[in-house]
Amino acid sequence: DAGITQSPRYKITETGRQVTLMCHQTWSHSYMFWYRQDLGHGLRLIYYSAAADITDKGEVPDGYVVSRSKTENFPLTLESATRSQTSVYFCASSGIAGAPDTQYFGPGTRLTVL
Amino acid sequence: AQSVTQPDIHITVSEGASLELRCNYSYGATPYLFWYVQSPGQGLQLLLKYFSGDTLVQGIKGFEAEFKRSQSSFNLRKPSVHWSDAAEYFCAVVHTGGFKTIFGAGTRLFVKA
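Note that the protein sequences, when read in sequence, are chains A and B. Going by our numbering, the first residue of the first sequence is number 2, and it counts up by one from there. Going by our numbering, the first residue of the second sequence is number 3, and it counts up by one from there.
Bound-form chain B, shown alone (with noise of 0.2 Å):
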């Protein structure tokens, strides 16, 4: 069965400071793959998507995300966080000739000044 597994339930930085959540699933074949962001009292917003081709995708807001085949994780990054940026993130995955959408368990993100 699929599965998405975000290791991370909780992570602090600095505003300023670089990013990385973790996502890896679980899947036989390549996946779509989605980040989501949550902020409080909101429902989900779409920060990017990968469905093929170059492996590092660019999102809003400044994020961008690898997928790596190899390691069946596709993590999201940022280099330089902003306090605006604290919120939920959920990795999502879709097989391939399907739509029914798997999440994770979700990342919060807190920044510190």
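Here chain A stands alone, though its shape is the one from the complex (with noise of 0.2 Å):
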């Protein structure tokens, strides 16, 4: 019953280093996204997928990589870490193919860019 769950919850890293950011869903969701939240900017959509191998980008893809090779994975990558890149990521996932619904969130990781 775990849900949606995200590793690291923290993370410190430095400058042109490589992160992955990890997303797992237990409902077999269709949908599934990252975004990432700022102070007074909400939360900004990252990327996004329908389904296993299919990815789009969001508003502020930049800089971030993802991959769906299975539908309840959905990991973050960036490639090459700067510290505008410092901020807390969710992922979420929804459950119903071609329609809007609700969306679940994880717990967030907090990534910090030296």
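There could be a bad hint or two in this list.
So, partial list: chain A residues that the calculated Cβ filter (under 8 Å) puts toward chain B [said to hold, decoys possible]:
| # | residue |
| --- | --- |
| 1 | 17 |
| 2 | 21 |
| 3 | 28 |
| 4 | 42 |
| 5 | 44 |
| 6 | 46 |
| 7 | 59 |
| 8 | 87 |
| 9 | 91 |
| 10 | 103 |
| 11 | 106 |
| 12 | 108 |
| 13 | 109 |
Hints were generated in silico from the structure; no laboratory data involved. Keep in mind that this is a model prediction, so the values were computed, not measured. Beta carbons: idealized from backbone N, C-alpha and C, even for Gly.
Put the two chains together into one complex, using the hints given.
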């Protein structure tokens, strides 16, 4: 009954390093999303996925890469981390294919880039 | 382009007082509308949603929201606030036929005793 989990919960890294944030959901939801949350901006969509092997860019995709080889996993990679990517990252999933529905959010990953 | 505006960055209300959080959206047709709540250190949780039908929708924790097409608004209300309602509240929009969600910047609610 885990629902949607994210790991790690906290991460400190250095500029230029590659970092991967993990997201796993146990509901077999079709849609998965990655957001970043910054003060004054609310949540901004980075990437989303409609199904395994189907991904697309959101509002702020630059500097990020995603993959979705399995329905339940949706990792987010920062290929070369920058200080501007310091943020709280939320993964979410949604169940109904072809229609907007409630998104279920993970607990978030707080990433600090030094 | 779609947008969601929450005009109040933060609001302070006394415990037991009524609450109204404002949300305005910009979109040509009627979108799907959501309110989410985020407690400190947590992810977001759905309070309520509007897809169609009755423009007054009820949610969890005693919250309700009213969709007003003429004003492009979807304001959240609660008749009597509890200290546990202190959190950040986000209004969100999804356009019909899609699933990408646009969130407002959020309103932080403070509750004073």
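Structure-based check of all given hints:
The beta carbon of residue 17 of chain A is not positioned within 8 Å of any beta carbon in chain B (closest approach about 29 Å), and the interface hint is therefore violated. With a cut of 8 Å, the hint placing residue 21 of chain A at the interface with chain B is violated, because the nearest CB-to-CB distance is about 19 Å. Hint status for residue 28 of chain A: violated, given a least beta-carbon distance of 14 Å to chain B, over 8 Å. At about 6 Å, the closest approach between the beta carbon of residue 42 of chain A and any beta carbon in chain B falls short of 8 Å, and the interface hint on this residue holds.
Taking 8 Å as the C-beta cut-off, the interface hint given for residue 44 of chain A holds, the closest approach to chain B being about 4 Å. For the restraint placing residue 46 of chain A at the interface with chain B, the shortest Cβ-Cβ distance is roughly 6 Å, inside the 8 Å limit, so the hint holds. Satisfaction of the interface hint for residue 59 of chain A is found here, the shortest Cβ-Cβ separation to chain B being roughly 7 Å, below the 8 Å cut-off. Violation of the interface hint for residue 87 of chain A is found here, the shortest Cβ-Cβ separation to chain B being roughly 17 Å, above the 8 Å cut-off.
The interface hint given for residue 91 of chain A is met, as the beta carbon of that residue sits about 6 Å from the closest beta carbon of chain B, less than 8 Å. A distance limit of 8 Å between C-beta atoms decides the matter here; for residue 103 of chain A the minimum to chain B is near 5 Å, and the interface restraint holds. For residue 106 of chain A, the shortest C-beta to C-beta distance to chain B is roughly 3 Å, which falls under 8 Å, so the interface hint holds. The closest approach between the C-beta of residue 108 of chain A and any C-beta of chain B is roughly 5 Å, which is under the 8 Å cut-off, so the hint is satisfied.
Annotation: residue 109 of chain A was flagged as interfacial toward chain B, and the flag holds, the nearest CB pair being 6 Å apart, inside 8 Å.
This entry does not satisfy hints 1, 2, 3, 8, going by the numbered hints stated previously.
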